[in-house]
Structure formats: C-alpha cells, structure tokens
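Asks: Listed here are the chains, written in short residue letters.
2 protein chains.
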Amino acid sequence: MKILSTKNEQIKHLVHLKDKRDRDRHQEYIIEGYRELFHAKNANIPLKKIFYCPELFLGQNEMDLIHSFQNCEKIECADEPFMKMSYRDRPDGLIAIASQMHRKREELEKILDSKAPFIVVVESIEKPGNLGSILRSCDATAVDALIVCDPKTDIHNPNVIRSSVGAFFLVPIFEMESHEAIRLLKEHHISVLATTPHTDTFYDDVDLRQGVAIVLGTEQLGLSDLWMGEANLKVKMPMLGTIDSLNVSNAASIMMYEVVRQRRHASRL
Amino acid sequence: MKILSTKNEQIKHLVHLKDKRDRDRHQEYIIEGYRELFHAKNANIPLKKIFYCPELFLGQNEMDLIHSFQNCEKIECADEPFMKMSYRDRPDGLIAIASQMHRKREELEKILDSKAPFIVVVESIEKPGNLGSILRSCDATAVDALIVCDPKTDIHNPNVIRSSVGAFFLVPIFEMESHEAIRLLKEHHISVLATTPHTDTFYDDVDLRQGVAIVLGTEQLGLSDLWMGEANLKVKMPMLGTIDSLNVSNAASIMMYEVVRQRRHASRL
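Going down the list, the sequences are from chains A and B. So the first sequence is residues 1 to 269, counted in my numbering. So the second sequence is residues 1 to 269, counted in my numbering.
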C-alpha cells in the first residue's frame with residue numbers, strides 16, 4: 001500500500017523522530033540514505049521500517065538493498081510524503097526507522113582487556129557534524145571504541161549519522177558519564193592522553209603504541225578539569241599561527257593518525 | 001542614534017548580505033562575534049560599519065575593540081534589531097560589515113617564489129563549515145596560501161568566517177580557476193600532492209620539506225581528473241576500516257600536520 005499523503009500517521013511518526021524527546025521516548029532513530037543503510041546492513045543493524053520512493057533513487061541497487069533487510073516493513077511512498085520525512089538537500093529515496101542500541105559496559109570492558117586497545121573519548125561534544133566526522137576517522141584508523149561522555153548532542157541525531165556516512169554503524173560507541181569512563185580506563189591501565197597547550201611535549205614525541213585513550217574536550221571550552229587532572233599523558237600540537245585551537249574533529253583526526261603512524265612503523269621493525 | 005526598529009534600513013541591508021548575490025553586488029560581507037572581530041582588527045581589516053548591542057556583550061573588552069576600529073561607523077542597536085541581524089545561536093552583541101577583499105595573483109606569485117612554500121588547494125568545496133575549519137588548520141600550520149578553486153561555496157559566507165573562528169583574516173586566501181592555479185604551481189616548480197586510494201605510497205613516506213601544494217577535492221566526489229592528472233605526488237592515507245574516505249577538513253588537517261612534522265624534525269637535525 002503506497003503512501004500518498006503527507007498526513008499519513010507513519011510519516012508523521014518518522015518526522016517526530018527528528019526530535020530527541022521523541023527518539024528517547026520511542027527508543028528509535030532515523031537512518032536516511034543509500035550509503036548509510038548499506039553500512040547498517042553490513043553491520044547487521046535490524047530495521048523496523050524502511051520507506052522508499054523509487055522516483056528519487058540515484059542508482060540501480062536500491063531495491064536489492066531494501067530486500068536484503070529481513071523482518072522489516074517495506075513501505076513505498078510518493079514523492080511528497082517522502083520529502084516531508086527527508087532531512088537532506090538531495091534525498092535519494094531511502095529512509096528507515098531502527099531501534100536504538102545502547103552497548104553494555106561489559107562489551108567495553110572486554111575491549112579494554114584486549115592488547116593495546118585504541119580508544120577515543122569525546123567529552124560533552126555539542127555539534128552532530130563533529131561527532132559524525134570523528135566517527136568517520138575512528139573507522140579509518142580502526143579505533144576499538146568511541147566513548148561519548150556527558151554529550152550535549154544525542155548520538156542518534158540524524159546529522160551524526162549523516163556526517164558519519166555510515167561509520168556510526170561500524171565503530172563501537174559507548175555512552176557514559178566521565179567519572180565512569182575514567183574509572184574503567186584506569187582499572188584497565190589505559191593511558192589517558194589529553195591535548196593541551198600547557199605542556200612542553202609534542203603529540204608525536206610520546207609512545208602511542210600501548211593502550212591509549214585520546215580524550216577530546218568540547219568545541220567551546222576544551223577538556224574539563226576532571227579529565228585534565230586524570231590525564232597521564234599531556235601533549236600539544238604545534239600551533240604556528242594566531243588561533244589557539246583546532247576544530248575538535250581535526251584535532252581528533254590528527255591524533256588518531258599519529259597513533260596509526262606509530263603502530264604502522266613499529267610493525268615494520 | 002540607537003537603532004530600535006527591526007525595520008531600519010541599515011538593519012535590512014546587513015540582513016540582505018546573508019545572501020551571496022547581495023554580497024557580490026555590494027562587494028561586502030558580514031563579520032560577527034568578538035573573537036572574529038578581534039582577529040580582523042589584528043589583521044588590519046578595515047570595517048565599514050559595526051553594530052553593537054551592549055546587553056548581549058559576554059565580556060568586558062567589547063567597547064575597547066569597537067573603538068579600536070577607525071574610520072568605521074559605530075551604531076548601537078537594541079536587542080531586537082540586533083537579533084534580526086545575528087546568524088548565531090549565542091550572539092555576543094557585535095556584528096560588522098566589511099568590504100570584500102580579493103587578493104591579486106601577483107601576491108600569490110610572490111609567495112610561490114619564496115623558499116619551500118607550503119600551499120593548500122581546495123577544489124570545488126561545498127560546505128562553509130569545512131572551508132572554515134580548514135582555514136583554522138591552515139593558520140595553525142602556518143600555510144603560506146590557501147587557493148580556493150572553482151568553489152561551490154562563497155568564501156565570504158558568514159559560516160566560513162564563523163567556523164574559521166577568525167582564521168579567515170589570518171591566512172592569505174586566493175580564488176581562481178583550477179587551470180590557472182595549476183599553471184602557477186607548475187611555473188614555480190611546486191609539487192602538487194593529491195590524496196587518492198589508487199597508489200601504493202603512504203602520505204608519510206614522501207618528502208614534504210620542499211615546496212608543496214596539498215590539493216583536496218570535493219566532499220562528494222574527491223579530486224577531479226584535471227588535478228589528479230597534474231599531481232606529481234600521489235599519496236594515500238591508511239584506511240583501516242570500511243568507509244573509503246575521510247571528511248575533507250580532517251584529511252586536509254592530517255596532511256598539513258604531516259608537513260609540519262617533517263619540517264619540524266628536519267630543523268632539529
């Protein structure tokens with residue numbers, strides 16, 4: 001039964017999920033786009049419903065992707081109701097609802113018990129776009145876990161998923177309070193690395209081949225005193241200009257690639 | 001004479017400058033925020049007008065900053081007309097109009113003639129936020145010039161300036177067509193470095209201590225065949241996950257910091 005009206009209750013329900021309160025209440029979230037759903041499929045993310053609008057498809061493989069999701073309601077929509085649901089400039093005819101998944105602490109503990117885990121922590125991050133692009137770099141550098149502490153953005157915000165281009169489904173994400181994350185990292189003897197101008201040590205002069213957690217602060221204020229006090233590695237980036245900080249996702253990515261660089265060169269020895 | 005009405009013609013004029021066509025027609029642009037105006041001041045950017053709303057000031061130094069701009073009209077506004085002009089979530093009571101500045105090719109040629117120039121090129125960049133955060137990294141890594149080729153975003157878009165947190169005023173920016181940029185770089189024997197998965201060379205295995213231009217492609221499609229064909233250094237980043245690319249400003253920042261790392265270590269020898 002193709003949906004023709006923007007007033008359809010199922011359309012309205014999806015539109016409501018753009019609001020955090022509705023996402024929390026229903027424990028659901030939105031996944032839009034071929035690329036994002038492709039990665040969701042490969043990560044075995046179950047969908048509740050998928051809405052599709054063939055007039056908007058950009059490629060040939062959309063129907064195959066839709067049918068690859070099992071136990072999921074598949075609903076065709078006309079252009080107008082689809083556009084009402086989409087949050088993109090260039091919709092590609094695919095939008096889905098999935099159940100929120102919150103990973104358990106035990107899963108993180110298992111990762112922290114592994115050999116030289118590579119962890120990224122973001123504290124009180126505000127902008128969905130920054131969290132999304134950090135996720136993309138986490139996937140690229142094979143980060144073992146991203147810990148999101150005291151976030152000011154919802155990890156299930158559609159813009160996180162969009163800007164992650166699907167890395168959201170590929171990187172194990174854990175949400176918890178800062179004090180709990182610190183306790184777990186310390187218990188597992190993971191070095192806590194903070195980036196700060198107030199040190200003489202450059203970021204590429206410390207050994208990052210052991211278990212390490214790279215901790216990034218908020219866009220506005222940087223890292224809190226709590227995390228700064230607990231950091232046992234403090235490093236700075238060369239800042240050769242006038243502005244005193246980098247965009248948080250850029251700082252995160254530079255640090256992550258330094259970890260990869262060191263571990264890659266070490267494995268050559 | 002304090003402006004009380006949102007219908008004031010000067011308020012309307014500034015609001016129109018949010019539109020690229022009006023910015024182009026008047027050859028003006030908007031600078032909002034204390035931090036941005038502070039860097040504009042230090043870079044000797046002349047302002048035409050500055051609007052201020054003391055009720056919204058967040059600090060103590062706003063009036064001093066305002067008075068430090070000479071030959072500039074200073075206009076107090078009530079809260080309501082100020083909010084109409086602001087494009088921020090948290091306005092801080094300062095917003096100005098400046099004349100657009102377009103740097104001349106001769107200035108770029110002089111930079112390209114210097115010793116081991118460090119150039120960044122962005123091709124057809126679309127998102128103001130990406131351009132802004134690339135500018136921030138350019139400032140931090142002392143890039144000599146940013147060349148913006150065939151942009152799909154206006155470099156004077158308010159969101160470029162906002163996300164650059166003022167680096168817009170600190171980094172020499174040149175706008176030109178790709179074929180002209182290629183000609184200038186080649187004439188001055190600057191290595192053109194492209195990032196691509198289709199090479200065996202890692203980004204940290206090439207010598208970046210000589211004059212180099214790091215070229216970044218669009219968010220959607222990467223680098224064009226034109227630039228890829230002209231690149232004499234092709235490097236890849238380790239991509240250890242599933243997603244095949246990084247956010248463009250993250251990729252740019254990692255490459256820029258690799259240049260700094262190599263040059264810093266070389267200077268220690």
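Watch out, some of these pointers could steer you wrong.
[Said to hold, decoys possible] Computed cross-link-like contacts, BS3-like style, restricted to lysine-lysine with a CA-CA straight-line distance of at most 30 angstroms:
#1 A/Lys236 / B/Lys115
#2 B/Lys115 / B/Lys234
#3 B/Lys74 / A/Lys84
#4 A/Lys2 / A/Lys104
#5 A/Lys20 / B/Lys84
#6 B/Lys18 / B/Lys115
#7 B/Lys152 / A/Lys236
#8 A/Lys115 / A/Lys12
#9 B/Lys18 / A/Lys84
#10 B/Lys18 / B/Lys7
#11 A/Lys115 / A/Lys186
#12 A/Lys18 / B/Lys2
#13 A/Lys18 / B/Lys152
#14 A/Lys152 / B/Lys74
#15 A/Lys49 / A/Lys152
#16 A/Lys18 / B/Lys48
#17 A/Lys84 / B/Lys20
#18 A/Lys18 / A/Lys104
#19 B/Lys186 / B/Lys152
#20 B/Lys48 / B/Lys7
#21 B/Lys84 / B/Lys115
#22 B/Lys115 / B/Lys2
#23 A/Lys110 / A/Lys152
#24 B/Lys18 / A/Lys152
#25 B/Lys48 / A/Lys41
#26 A/Lys110 / A/Lys2
#27 B/Lys84 / A/Lys84
#28 A/Lys186 / A/Lys48
#29 B/Lys236 / A/Lys115
#30 B/Lys104 / B/Lys20
#31 A/Lys104 / A/Lys84
#32 A/Lys152 / A/Lys74
#33 A/Lys110 / A/Lys84
#34 A/Lys7 / A/Lys104
#35 B/Lys12 / B/Lys2
#36 B/Lys48 / B/Lys115
#37 B/Lys84 / B/Lys12
#38 A/Lys236 / B/Lys104
#39 B/Lys152 / B/Lys41
#40 B/Lys41 / B/Lys74
No lab work stands behind these hints, which were simulated from the structure alone.
Asks: Hint numbers the structure violates, sorted upward?
Replies: 3, 4, 6, 7, 8, 12, 14, 16, 21, 22, 25, 26, 28, 31, 32, 33, 34, 36 and 38
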